[in-house]
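**Q** Chains V and D, in that order, are what the protein sequence lines are. Position 82 of the first sequence, counting from 1, maps to 73 under this note's numbering, and the rest follow consecutively. Position 77 of the second sequence, counting from 1, maps to 80 under this note's numbering, and the rest follow consecutively.
Keep in mind that a hint or two might mislead.
Pulled a few chain D residues facing chain V out of the computed Cβ check, cut under 7 Å [claimed, not checked]: (1) TRP38; (2) GLN180; (3) LEU181; (4) PHE188; (5) GLY189; (6) GLN200; (7) PRO202; (8) ALA276; (9) THR281.
Residues from chain V shown here face chain D by an in silico Cβ test under 8 Å; the list is partial [stated by the list, open to error]: (10) ARG97; (11) LEU99; (12) ARG161; (13) VAL261.
Residues of chain D placed beyond 12 Å of chain V at every Cβ, according to the derived structure [claimed, not checked]: (14) ALA74; (15) VAL134; (16) PRO141; (17) ARG175; (18) VAL182; (19) ALA184; (20) LYS191; (21) THR198; (22) VAL199; (23) VAL205; (24) THR240; (25) LEU258; (26) THR265; (27) ARG274.
Quick caveat, the hints were computed from the structure, so don't treat them as lab data. Here the structure is a predicted model, which means the values were calculated and not measured. Every residue gets a Cβ at the ideal spot worked out from N, C-alpha and C, and that includes glycine.
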Amino acid sequence: MIMATAFALPQTEVATSASSALSVDFHNVSRTFTTKKEQRTVLADVNLHIEAGQVVAILGASGCGKSTLLRSVSGLDHPTGGAVFTGTREVNDINELCAVAFQEPRLLPWRSVRENIALGLAPGTSKPAGIELINQLLELTGLTHAADLRPREISGGMAQRVSLARALARRPGVLLLDEPFGALDALTRLKMQDLLLSIHASFPTTVLMVTHDVDEALTLADRVIVLGRANGQQSATVIEDLRLSAAHPRSHSDALFVTNRAHLLGLLGVDTANH
Amino acid sequence: MSTPTQISQAADGSSAAADRHKPGFAARILQAPKWLLSLILPVVIVAVWQYVTVSGIVAPWSLPTPGAVLAAAGELFQDGDLSKHVGISTQRVLLGFAIGSLLGLLFGALVGLSKLADALLSLSIGALRAVPSLAWVPLLVLWMKMGEDSKVTLIIIGAFFPAFTTVSLALRHVDAQLVEAARSFGFKGLNLLRTVQLPAVVPSIFSGLRLALAQAWLFLVAAELLGASMGLGFLLTDSQNNGRLDRLILTIILLAIFGKITDALLSVAERWAIRRWT
């Protein structure tokens, strides 16, 4: 599936950036936030090996450290204990092998869609290669007609696609998505999920996505990781690691899908009888 | 029984609807060009001024007629005095504004971007800012004598603070999410400043510059009132000493006109910047 390509990408021209997926490893990762009043350990003993090219969904109740875990991969945050590796490299500073798409599009309002995507290009990308890649991304995300518009002139769904295209312009080894569809309406959200699958088919990259949505996780991911607090613990850790092998597209009425859904919702503290 | 009520209701409803479609008084006036509307009040003021002075309601020694002020302008213009006073004042304002606002932008950027500079400088700059403008005059005159330096320096002080304050505040309030997004793509230091922080504060820079320019005119008059042999401020004190009320009023009108013209030029630039950078 990783190797399947919708169209041939000129990978030789984009030689400066990571053009292949990278594995991600968490070794005993913990994160403690220290304030004047107290010390609060959010994450503890997180050990995970994520294979290159997988799509991994991270689920968990609010405030259990999902985003913190993601930020430790991008280098925007640093674990207080343990280490994070992308490929064989330990993450110390901002990790340029990664690209992040946030819950908000976070586009520069004074730049056009095209110029915003260009922000993600890896440093050292040659000008023609950059233009070529941006044109491909515009086409892939269906934004070619909007390339010269400003962020305030496009819809929320389009802005979120720009944000995704900007992240892909980096040709990241690991694509980090922090609830990227969380702020979109239900219909746009479904379209974005389809887009993500076709992007993943075109760009060989590992995808780590934080989500609140169990259905989204079960639809998209090869593997679902649930963070939560084990009995009596103050800090969260991995409480479920579910591998999904069903091919895409996945039916929501499939028996395994329904069982998994009930199981995951249960772990998140939702009574499935009502849903 | 209910029919008449219904009819009258319908009639009321339709007349109310018709009223809503007819533009109101304010809406009809607003259809005229804005510059025309802006000129109404000045014309009315001059007309009232003309009426009260010519009819003798106000004595000529307390308020000259508009014609007398115009004549004073003509007289000063023919002597070449008018262009001399206006020229030197404009030069002082522009020089002081350019240097002062540039320094303000630089220090504002420093304090807005660096927590260290903020901690070291903010208190001192804030305290200097609290000193009333006129308090500087005796000191500047003692240090730099009565020449151009002391006047331009006072204007520099005046233009510095508005530019400094707006830019340092704007930089501190640049959307943290945008900065974080750019950082996640490896932007840092000067590159981050150039790509995110500076463009984000461009509109604020222009509003800071407008405030600085207004302050520059303010401080110009302060500087010239207290010791000058040329300039609009000098013309004010000179006219006061000679009882030339016509020239005094002329100078006030000139200050209003030149202040407004320079501000309008900057506001055009500001509007462009807001369109371009937001």
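**Q** For each hint, tell me whether it holds in the structure or not.
**A** Hints, one by one, checked against the model:
no., hint, verdict
1, TRP38, "violated, 30 Å"
2, GLN180, "holds, 5 Å"
3, LEU181, "holds, 6 Å"
4, PHE188, "holds, 6 Å"
5, GLY189, "holds, 5 Å"
6, GLN200, "violated, 11 Å"
7, PRO202, "holds, 5 Å"
8, ALA276, "violated, 10 Å"
9, THR281, "holds, 5 Å"
10, ARG97, "holds, 4 Å"
11, LEU99, "holds, 6 Å"
12, ARG161, "holds, 7 Å"
13, VAL261, "violated, 30 Å"
14, ALA74, "holds, 52 Å"
15, VAL134, "holds, 37 Å"
16, PRO141, "holds, 46 Å"
17, ARG175, "holds, 19 Å"
18, VAL182, "violated, 9 Å"
19, ALA184, "violated, 4 Å"
20, LYS191, "violated, 8 Å"
21, THR198, "violated, 7 Å"
22, VAL199, "violated, 7 Å"
23, VAL205, "violated, 8 Å"
24, THR240, "holds, 48 Å"
25, LEU258, "holds, 36 Å"
26, THR265, "holds, 26 Å"
27, ARG274, "holds, 15 Å"
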